[in-house]
Amino acid sequence: MRQFGKLTRRLFIKGGIWSTALFFWNLFRGLTKAEATDSFSGTDFVGKTREGKHRSFYINFWKPMRRINGKTWTLKISGLCESPTTFTLTDLKNLPAQSQSSRLKCVECWSARAEWRGFSIKELEKVIRPHASARGVVFHCGDEYKEYLSREALTQDRVLLVHSMNGKLLSDAHGFPLRLIAPSKYGYKNPKAILEMEYVAEQQSGTWSKIGPYSPDGTILPGGDHPLEYDKQPRRISGGEIPY
Amino acid sequence: MNTVALFISLILVSGLNIADVSEMVEVPAGEVVMGDNADDYASPKKTAVLGTFFIDRFEVTNEEFRQQFSDHTFWEGFEPHPVTNITWYQAETYCEQVGKRLPTEEEWEKSARGTDARLYPWGNKPLRKKPHPFYSGIIKRRVGLNKKDSSPYGVRDMASSVWEWTASSENKKKVTRGGLWNHHLDYEYGKTFDRNLIAPSERFIFLGFRCVNSEN
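Heads up: the sequence lines are chains A and B, in that order. Residue numbers are given in numbering that gives the first Met the number 0: position 207 of the first sequence equals residue 206, and the series is strictly consecutive. Residue numbers are given in numbering that gives the first Met the number 0: position 119 of the second sequence equals residue 118, and the series is strictly consecutive.
I should point out that these hints are in silico values taken from the structure, not numbers from a laboratory. There could be a bad hint or two in this list.
[As the list claims (entries may be wrong)] With a Cα cut of at most 27 Å, we get these calculated BS3-like pairs of lysine-lysine: (1) A:K75 / A:K125; (2) A:K231 / B:K190; (3) A:K209 / B:K190; (4) A:K62 / A:K52; (5) B:K139 / A:K145; (6) A:K125 / A:K70; (7) A:K92 / A:K75; (8) A:K70 / A:K167; (9) B:K190 / B:K146.
[Unchecked claim] Label-pair restraints from in silico Cβ distances: (10) B:D39 / A:C108: 34 to 44 Å; (11) B:A116 / A:G166: 48 to 58 Å; (12) B:P43 / A:Y229: 23 to 33 Å; (13) B:R100 / A:P95: 41 to 51 Å; (14) A:P95 / B:V48: 48 to 58 Å; (15) A:H53 / B:V97: 49 to 59 Å; (16) B:S213 / A:K121: 39 to 49 Å; (17) B:V48 / A:Q155: 35 to 45 Å.
Keep in mind the model is a prediction, meaning the values are calculated, not measured. From the three backbone atoms N, C-alpha and C, an ideal C-beta is built for every residue, glycine too.
Start from the sequences and build out the full structure, keeping to the hints where you can.
Pasting the structure below:
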């Protein structure tokens, strides 16, 4: 009984040591894995603002969002494509880049112009090779915003996935590290802080057009504009991309 | 049962109403007041003299366009909606193929405005203050659905529905005329003198056309 007791005690101690070691090993692995897959960092949030430097270019977010960590962030391409791929920010910055000056017009009437630098979605599609059945892409964003654009709209000449704005990497407020710029569409069709692009067969409603008064198409309509750099003085627009 | 029969009858009658969407109406020769001095884009106000012409009562529909271009695709049920997303060149080709042409902006404005310089095809006041309040996008419906959007000559959908290509040019762009059902945060129908300039190679969801002819 004593022998049995000693054996039990020894086994208990050994088992305890191994269990503790295993616990800390798993905890370490878990933390490492979590850190590797978490695109966000810290508890610092970015959200909607029109204050300070943003008075010249308003910022809208669906929900306040933890700041994205560029070192751990990846762009996931999923859905109807031959080679679903995950790109790092470095991968994307190495794609053939182009720059353009274009105006972002919010459906709430204000607009602002910037110099954008990025790449055509056609460059990504050379790698991931979408299926013929893929009619469009759902963008999943860091602020839980979702938006859909048809591939026809996404492959227009002036539509870019951009990582830079006015000569610098996108700021958190402007959608770091990657956003879409589609100059002929209202701002809500230009998703920011993109985490995933999902190729889909059917048209879908984005966050705003699903719950709000915004059309799924989102083309800028003929009417009026209130550009921020011109003190919001109203200007007539013909529809589509704004030329001034 | 009677209710069902009545409902079916209404659908059939409605169908008959839209059966002849290619009907043309005569706009008699004479003067037309064009433009508006209060609008920078449509000033100065001026007078033009036009001969008699005939204009499509309704905008060209998806179904009509498909009869000329078999590869034209659209969602099921959208056959009687105005055709959009077509370039000026496609609109011009369509008109030629059916033996017609695109209207000049003078012809378009006279068809909408009549001879009394009215602001809207039906008169001088908006039908409603908020055609589609709080909605940002275009709501396309079958042509001729809004019976109140009718000009002095009976031409329909000239203040709402979609904008339309014309044959007229300015600064290498084509003049578009018309209006939409809804302007987000700008609750107005298009006025009879509203005009925009768009490159002929562009195509938009809000832009269609109708045809005219000098003879019926």
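Evaluation of the provided hints:
Between K75 (chain A) and K125 (chain A) the CA atoms are separated by roughly 15 Å; this keeps the pair inside 27 Å, and the hint holds. This hinted pair checks out: K231 (chain A) and K190 (chain B) have alpha carbons roughly 23 Å apart, not beyond 27 Å. Between K209 (chain A) and K190 (chain B) the CA atoms are separated by roughly 31 Å; this puts the pair beyond 27 Å, and the hint is violated. Our distance criterion of 27 Å between C-alpha atoms is met by K62 (chain A) and K52 (chain A), whose separation comes to about 20 Å.
The suggested pairing of K139 (chain B) with K145 (chain A) holds, with an alpha-carbon distance near 25 Å, which does not exceed 27 Å. Proximity of K125 (chain A) to K70 (chain A) is assessed by CA-CA distance (about 25 Å); at most 27 Å being required, the pair is judged to hold. Between K92 (chain A) and K75 (chain A) the alpha-carbon distance is near 15 Å, which keeps this suggested pair within the 27 Å criterion. Between K70 (chain A) and K167 (chain A), the direct Cα distance comes to roughly 17 Å. Compliance with the 27 Å bound is thereby established for this hinted pair.
Straight-line distance between C-alpha atoms of K190 (chain B) and K146 (chain B) comes to about 17 Å, which keeps the hinted pair within the 27 Å bound. Against the hinted window of 34 to 44 Å, the Cβ-Cβ separation of D39 (chain B) and C108 (chain A) comes to about 19 Å, which falls outside the hint. For the hinted restraint 48 to 58 Å between A116 (chain B) and G166 (chain A), the CB-CB distance of approximately 52 Å keeps it satisfied. The hinted window of 23 to 33 Å between P43 (chain B) and Y229 (chain A) holds, with their beta carbons roughly 25 Å apart.
Remark: the range hint 41 to 51 Å for R100 (chain B) to P95 (chain A) is upheld by a beta-carbon distance near 44 Å. Checked against the hint of 48 to 58 Å, the pair P95 (chain A) and V48 (chain B) passes, with Cβ atoms roughly 57 Å apart. For H53 (chain A) and V97 (chain B), the hinted distance range of 49 to 59 Å is satisfied, since their beta carbons lie about 53 Å from each other. Between S213 (chain B) and K121 (chain A), the C-beta spacing of about 46 Å keeps the proposed range 39 to 49 Å intact.
Taken as a hint, the range 35 to 45 Å holds for the pair V48 (chain B) and Q155 (chain A), whose Cβ atoms sit roughly 43 Å apart.
Of the numbered hints given earlier, the model fails hints 3 and 10; all others are met.
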